[in-house]
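Enquirer: Here are the chains, one letter per residue:
There are 4 protein chains.
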Amino acid sequence: MVSNSGPLHQETPADAGAPLRVAVIGAGYWGPNLARNFKASPDCELSAIVDQDTARALKVAGPLGDVPVFESLERLFAEIEVDAVAIATPARTHHLLALQALEAGKHVLVEKPLAASRELGMQMVEAAASRGLILMADHTYCYTPAALKIRELIQEGELGEILFIDSVRINLGLVQPDVDVFWDLAPHDLSVIDFILPGGLRPESVAAHGADPLGTGKACVGHLSFDLPNNAMAHINVNWLSPTKIRQMIIGGTKRTLVWDDLVPQQRISVYDRGINFQKASTSAAQRKAQAISYRMGDTWSPALPETEALGLMVTEFAASILQGRPSRTSGMAGIRVLNVLEAASRSLELGGERSFVASNDVQLEGTR
Amino acid sequence: MVSNSGPLHQETPADAGAPLRVAVIGAGYWGPNLARNFKASPDCELSAIVDQDTARALKVAGPLGDVPVFESLERLFAEIEVDAVAIATPARTHHLLALQALEAGKHVLVEKPLAASRELGMQMVEAAASRGLILMADHTYCYTPAALKIRELIQEGELGEILFIDSVRINLGLVQPDVDVFWDLAPHDLSVIDFILPGGLRPESVAAHGADPLGTGKACVGHLSFDLPNNAMAHINVNWLSPTKIRQMIIGGTKRTLVWDDLVPQQRISVYDRGINFQKASTSAAQRKAQAISYRMGDTWSPALPETEALGLMVTEFAASILQGRPSRTSGMAGIRVLNVLEAASRSLELGGERSFVASNDVQLEGTR
Amino acid sequence: MVSNSGPLHQETPADAGAPLRVAVIGAGYWGPNLARNFKASPDCELSAIVDQDTARALKVAGPLGDVPVFESLERLFAEIEVDAVAIATPARTHHLLALQALEAGKHVLVEKPLAASRELGMQMVEAAASRGLILMADHTYCYTPAALKIRELIQEGELGEILFIDSVRINLGLVQPDVDVFWDLAPHDLSVIDFILPGGLRPESVAAHGADPLGTGKACVGHLSFDLPNNAMAHINVNWLSPTKIRQMIIGGTKRTLVWDDLVPQQRISVYDRGINFQKASTSAAQRKAQAISYRMGDTWSPALPETEALGLMVTEFAASILQGRPSRTSGMAGIRVLNVLEAASRSLELGGERSFVASNDVQLEGTR
Amino acid sequence: MVSNSGPLHQETPADAGAPLRVAVIGAGYWGPNLARNFKASPDCELSAIVDQDTARALKVAGPLGDVPVFESLERLFAEIEVDAVAIATPARTHHLLALQALEAGKHVLVEKPLAASRELGMQMVEAAASRGLILMADHTYCYTPAALKIRELIQEGELGEILFIDSVRINLGLVQPDVDVFWDLAPHDLSVIDFILPGGLRPESVAAHGADPLGTGKACVGHLSFDLPNNAMAHINVNWLSPTKIRQMIIGGTKRTLVWDDLVPQQRISVYDRGINFQKASTSAAQRKAQAISYRMGDTWSPALPETEALGLMVTEFAASILQGRPSRTSGMAGIRVLNVLEAASRSLELGGERSFVASNDVQLEGTR
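Chains A, B, C and D are the protein sequences, given in the same order.
So for the first sequence, numbering that gives the first Met the number 0 puts the first residue at 0; every next one is plus one.
So for the second sequence, numbering that gives the first Met the number 0 puts the first residue at 0; every next one is plus one.
So for the third sequence, numbering that gives the first Met the number 0 puts the first residue at 0; every next one is plus one.
So for the fourth sequence, numbering that gives the first Met the number 0 puts the first residue at 0; every next one is plus one.
For the record, the hints were derived by calculation from the structure and aren't laboratory data.
Possibly wrong hints are sitting among the right ones.
Only pairs whose alpha carbons sit at most 27 angstroms apart, straight line, appear in this in silico DSSO-like list of lysine-lysine [to be verified]:
id: 1; chain 1: D; residue 1: 244; chain 2: A; residue 2: 244
id: 2; chain 1: C; residue 1: 148; chain 2: A; residue 2: 254
id: 3; chain 1: A; residue 1: 244; chain 2: B; residue 2: 148
id: 4; chain 1: D; residue 1: 254; chain 2: B; residue 2: 148
id: 5; chain 1: D; residue 1: 38; chain 2: A; residue 2: 58
id: 6; chain 1: B; residue 1: 58; chain 2: C; residue 2: 38
id: 7; chain 1: D; residue 1: 148; chain 2: B; residue 2: 254
id: 8; chain 1: D; residue 1: 58; chain 2: C; residue 2: 244
id: 9; chain 1: A; residue 1: 38; chain 2: A; residue 2: 58
id: 10; chain 1: D; residue 1: 148; chain 2: D; residue 2: 244
id: 11; chain 1: D; residue 1: 244; chain 2: C; residue 2: 244
id: 12; chain 1: C; residue 1: 58; chain 2: C; residue 2: 38
id: 13; chain 1: B; residue 1: 148; chain 2: B; residue 2: 244
id: 14; chain 1: B; residue 1: 38; chain 2: B; residue 2: 58
id: 15; chain 1: A; residue 1: 38; chain 2: D; residue 2: 58
id: 16; chain 1: B; residue 1: 148; chain 2: B; residue 2: 254
id: 17; chain 1: C; residue 1: 254; chain 2: C; residue 2: 148
id: 18; chain 1: C; residue 1: 58; chain 2: B; residue 2: 38
id: 19; chain 1: C; residue 1: 244; chain 2: C; residue 2: 148
Please construct the entire structure, taking both the sequences and the accompanying hints into account.
Expert: Here it is as structure tokens:
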């Protein structure tokens with residue numbers, strides 16, 4: 000233990016009334032944000048910062064009230080008692096650290112992507128399930144007020160059946176050393192789609208098309224198409240080379256269509272009460288085909304959204320799912336579903352865009368959603 | 000001949016000094032626009048309106064100075080002398096009417112799509128070529144001030160090498176009885192891409208993904224991906240079901256990136272002087288891969304565009320190509336190149352998005368570009 | 000009578016069942032638009048076009064079914080029977096033509112501004128009132144779907160009490176030979192404010208500030224401030240020299256605030272359910288002053304507007320007010336109220352911006368609203 | 000002295016090579032921002048935080064490296080050596096604190112407004128001038144990359160002669176307890192106008208119109224008009240009651256017009272190469288009046304702006320003006336010029352909008368700009 004202000008090793012288990020004791024693993028880019036939000040949460044207690052580079056960890060720990068700093072999970076678990084860990088280290092290390100924590104009986108929050116592959120991710124999910132511990136994916140975008148509102152609107156049936164989802168996330172972005180533009184940017188869109196659809200993200204197959212016009216060795220421009228229930232389709236466009244920035248998701252429904260434009264702070268969500276009208280009787284596809292289609296031009300509505308930090312709500316959900324003993328809303332399985340699509344996308348890309356089947360793990364792990 | 004004010008049959012051939020005598024075939028939706036522009040053109044003389052429904056034709060002919068009206072091409076050719084015809088009838092009739100006119104020695108302008116299939120289209124191209132007549136595709140969008148400016152900027156090298164093209168054309172649109180959303184909307188994007196790229200539209204293959212979530216029997220949502228030279232890629236998104244209207248084409252280049260937003264009349268084109276910087280030496284892909292990439296944040300520039308009607312410029316080009324004996328800038332072959340991609344897209348769609356090869360007719364008809 | 004197709008002089012009076020027989024006076028810029036809309040109206044019959052320049056009148060009359068053309072009101076009234084005239088001649092001639100028509104027992108519609116001065120305008124209003132004839136001001140903007148919706152929302156109390164109105168109408172505009180920017184552009188804003196406020200446009204005084212930085216001899220940039228009921232204020236900014244075009248009216252209310260942006264066709268009106276909250280008890284100003292103020296951040300709502308041509312609705316209202324024997328919604332008095340403000344603005348401008356009182360004619364002509 | 004880590008009283012004077020030792024006075028809303036920027040500046044050393052509420056001061060001082068904290072200027076000057084103070088206390092205390100510091104031989108930076116009245120402000124300016132000390136107004140907006148660019152463009156003649164300036168700053172804002180909307184918001188616009196115009200802000204008179212429709216006891220909606228050189232005019236619209244937020248300044252020039260829209264981060268400045276064309280010969284106003292005016296529709300250009308924090312540049316300017324012994328670019332006199340207009344505006348408001356003369360102090364203090 001590096002800090003001399005930390006508590007001694009305790010065997011006392013957490014009880015529902017006490018705040019959740021959480022250690023943040025990783026003091027790089029994302030860890031400090033997590034640490035700040037655990038510190039600010041009334042449900043949690045920031046118990047420690049863990050990083051091999053303890054100087055870096057101390058720099059994070061200082062302004063947060065000189066929380067204790069450890070150089071490894073072993074030392075953390077040996078010296079103080081925590082209930083959970085939040086892992087914000089490079090993706091390739093998630094698997095090892097998460098298993099270590101789960102085996103020590105700790106709940107685990109993992110930065111996206113859940114793991115470097117779905118196979119490793121599944122081991123994490125199984126380890127958590129077998130011990131009755133929470134494994135949560137840090138899909139931060141799902142906890143933005145916009146995504147929470149969209150989930151609510153869809154679940155209340157305000158959009159009707161989903162007809163299409165189109166998501167564009169393009170910007171001048173750093174070409175990443177280890178991942179292509181799909182693995183870098185699409186997890187945001189995929190995790191949100193998983194979050195807002197009642198059935199989650201479960202396409203049968205995906206097709207990915209990409210380009211590497213600068214010869215960087217990986218796709219810098221990418222298009223991902225996959226099926227949604229009821230013959231609907233989703234498409235995601237990610238691009239590192241666009242000097243014009245777009246972050247827009249259009250969700251077309253039989254009743255209304257929603258546009259989420261994340262770059263318009265005062266009106267992020269617009270709901271268009273416009274669309275196709277069928278006569279009520281014609282519920283079957285055959286009937287629809289046979290008859291004329293008319294259009295409906297209704298009002299546009301933009302719900303007020305609270306100005307809440309997504310990360311704060313994510314931390315609250317982590318604590319709540321632990322205390323209530325229920326899967327979190329972005330569970331480990333949600334992380335797996337995102338990995339399933341990314342892996343299939345990579346296979347499709349290798350095969351020149353051929354439709355590639357998406358793994359399904361639903362049967363194996365019932366009840367973990 | 001229906002109108003009694005028309006001139007008698009004349010054998011006098013057109014000479015370069017006299018205006019081009021043009022008959023418009025079809026008095027439905029598009030024909031009246033063509034007729035109005037031929038009437039207004041100083042290079043042309045609107046000689047007749049032809050339509051089986053002569054009442055409809057008379058309605059168009061009246062306000063344009065009571066030009067003669069005919070019920071068929073046979074009657075037209077039998078009674079008056081024209082130099083050219085402009086065909087604005089349903090696509091399935093283009094082939095027959097164009098061949099009839101070409102065989103009568105007339106130059107032909109054809110509304111998009113050139114023909115119902117590339118095979119039929121090729122017969123038209125060959126018929127025109129063998130007689131030394133002009134066959135021009137009415138790719139109107141290519142003659143908008145925006146498209147003309149983009150063509151000029153690309154050809155002058157202002158954008159550098161093209162890295163990607165992304166075109167979105169979505170709106171609440173009428174589900175067409177005979178064609179899907181690809182054939183209805185994508186010809187606009189495809190013809191523009193053919194027009195602005197120095198080498199024209201010549202992908203090796205395309206992949207198409209579509210959805211018919213309303214069960215109309217045809218794709219209402221569509222995504223089209225294809226390769227561009229130098230490992231670049233193009234993508235076109237067309238959609239009939241979107242209540243939010245987008246008509247935007249992003250053209251990313253190594254030097255600059257251009258955004259064409261057709262719904263912002265005062266600033267349709269924005270040129271971003273931002274992008275990726277490489278060291279000058281590293282021209283090979285291998286070198287690019289090895290070295291760090293940096294970004295350049297430069298000015299944005301929006302060229303002033305004249306407020307000229309595209310159709311008027313198109314008519315001028317038709318007359319000019321005839322008088323100068325050169326292929327028009329949107330030649331029959333340009334129409335064929337668009338058909339090639341559309342047919343490959345339809346095949347890909349049938350095969351669930353499998354990449355489908357695009358026919359190439361370049362060898363057979365050199366010099367007709 | 001110039002045309003030989005006109006009917007002979009008839010004494011038959013118009014009855015409620017027959018369409019209103021209307022002659023359009025003036026075949027310049029605006030007259031043809033009026034003529035086209037009277038022609039299209041089921042309530043009206045376009046009986047004649049009158050213009051000293053009969054060639055110009057014939058050009059308008061031709062495509063509208065060769066309606067008769069006259070060179071003067073005298074000839075019109077001498078030769079055919081009409082129920083009403085619509086005057087679209089230069090402002091300085093409105094007074095003479097309107098009086099001539101009213102004395103002949105015709106209802107009169109007058110293009111804005113009603114007259115060259117409020118004194119002349121009042122003579123017109125009085126002449127119409129004394130004969131029980133309709134005098135209507137062609138305040139076209141009031142009949143746009145946007146203005147009609149705003150009037151409805153305000154009258155239903157959706158905005159609460161009005162707190163402020165801010166209207167901006169700036170553009171690169173032609174410097175007019177005879178009027179300054181206030182008289183050229185502000186009538187649009189003033190007539191709309193008169194139309195949407197339940198009490199109409201009745202400020203006690205106005206202050207006008209203008210600039211003529213190019214030395215054209217008249218104000219090219221103008222700002223107009225005046226009081227509204229309940230200590231609210233209105234401000235109008237008009238400008239001929241701005242290359243950026245803005246047409247925006249913000250109407251702040253105690254309950255909601257409405258923004259009319261006329262350059263955003265798909266969302267012209269936005270209603271913000273945001274504002275100041277007071278405790279219910281504090282209805283008096285003294286109480287408001289004493290207590291803290293809080294803010295309410297609610298939804299934004301954009302009502303769907305029909306795509307109806309304003310001029311068509313204006314023509315319908317003219318016919319309806321005649322048939323129903325009631326003042327039209329933009330009556331002669333509405334035109335006077337606009338003139339009152341413009342004249343006071345001119346006086347203020349001469350006095351360097353000093354607040355100038357606005358004439359009030361309300362007492363003299365009760366019941367004419 | 001409250002902190003025990005501060006240095007002892009030192010008599011060593013600052014020399015040009017050493018960083019400027021600065022104490023921040025006031026640990027409320029703005030002081031921490033100043034402190035953070037002085038801390039980060041390579042030119043300065045943050046020597047102390049001063050606040051009567053030392054607990055509040057310690058909270059600011061802690062994360063900035065535990066800089067010493069003092070409860071008063073007396074204690075500050077008694078215990079440590081500083082070169083300058085930055086005053087971020089309520090406006091009514093600026094005068095007393097600034098004089099105290101100037102009398103102690105310290106350079107002074109003062110948050111806007113410079114003082115509660117121009118009379119008090121002038122005493123500060125005179126006190127600084129007589130001692131050869133720098134008095135700088137913290138007109139932060141002037142140091143935004145946008146304002147710096149606009150100043151540069153105007154001074155290089157890119158806009159030509161200024162024809163009009165229109166500034167709108169409206170938002171849902173807290174009704175302030177002590178000042179009206181003019182004093183709260185207009186200083187931003189006025190200080191920028193003073194900064195960008197070569198001659199500074201020197202109108203002869205201003206007219207102010209305001210409204211207090213909620214009965215808060217002070218204007219919540221305000222319009223300010225004043226003259227600019229060469230018959231141009233400026234107008235500022237400030238409003239606390241508008242739920243739609245606008246921060247836009249339009250600067251019309253004879254050559255180009257610039258629009259600064261501060262809410263569009265990616266394109267804050269647009270320069271329109273559009274405007275009025277005169278024939279070259281007609282340079283006199285009389286000639287302009289006589290001849291026709293034509294329009295020029297040129298390109299739009301949006302310069303790239305660095306993403307620099309304004310406050311950092313302001314701090315740099317404070318240090319530079321001290322080291323170079325020259326007035327800062329937002330000198331005390333700039334603060335006076337803003338106060339001159341605000342005081343005249345208040346007088347105008349009391350007189351119902353009557354034009355009120357603006358005080359001029361230029362003669363008295365030559366050389367202080």
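Enquirer: Compare the structure with each hint and give your call.
Expert: A quick look at each hint next to the structure:
no.: 1; hint: D/244 / A/244; in the structure: 22 angstroms, holds
no.: 2; hint: C/148 / A/254; in the structure: 24 angstroms, holds
no.: 3; hint: A/244 / B/148; in the structure: 23 angstroms, holds
no.: 4; hint: D/254 / B/148; in the structure: 24 angstroms, holds
no.: 5; hint: D/38 / A/58; in the structure: 18 angstroms, holds
no.: 6; hint: B/58 / C/38; in the structure: 18 angstroms, holds
no.: 7; hint: D/148 / B/254; in the structure: 24 angstroms, holds
no.: 8; hint: D/58 / C/244; in the structure: 49 angstroms, violated
no.: 9; hint: A/38 / A/58; in the structure: 15 angstroms, holds
no.: 10; hint: D/148 / D/244; in the structure: 23 angstroms, holds
no.: 11; hint: D/244 / C/244; in the structure: 18 angstroms, holds
no.: 12; hint: C/58 / C/38; in the structure: 15 angstroms, holds
no.: 13; hint: B/148 / B/244; in the structure: 23 angstroms, holds
no.: 14; hint: B/38 / B/58; in the structure: 15 angstroms, holds
no.: 15; hint: A/38 / D/58; in the structure: 17 angstroms, holds
no.: 16; hint: B/148 / B/254; in the structure: 17 angstroms, holds
no.: 17; hint: C/254 / C/148; in the structure: 17 angstroms, holds
no.: 18; hint: C/58 / B/38; in the structure: 18 angstroms, holds
no.: 19; hint: C/244 / C/148; in the structure: 23 angstroms, holds
The structure shown violates just one earlier hint, number 8.
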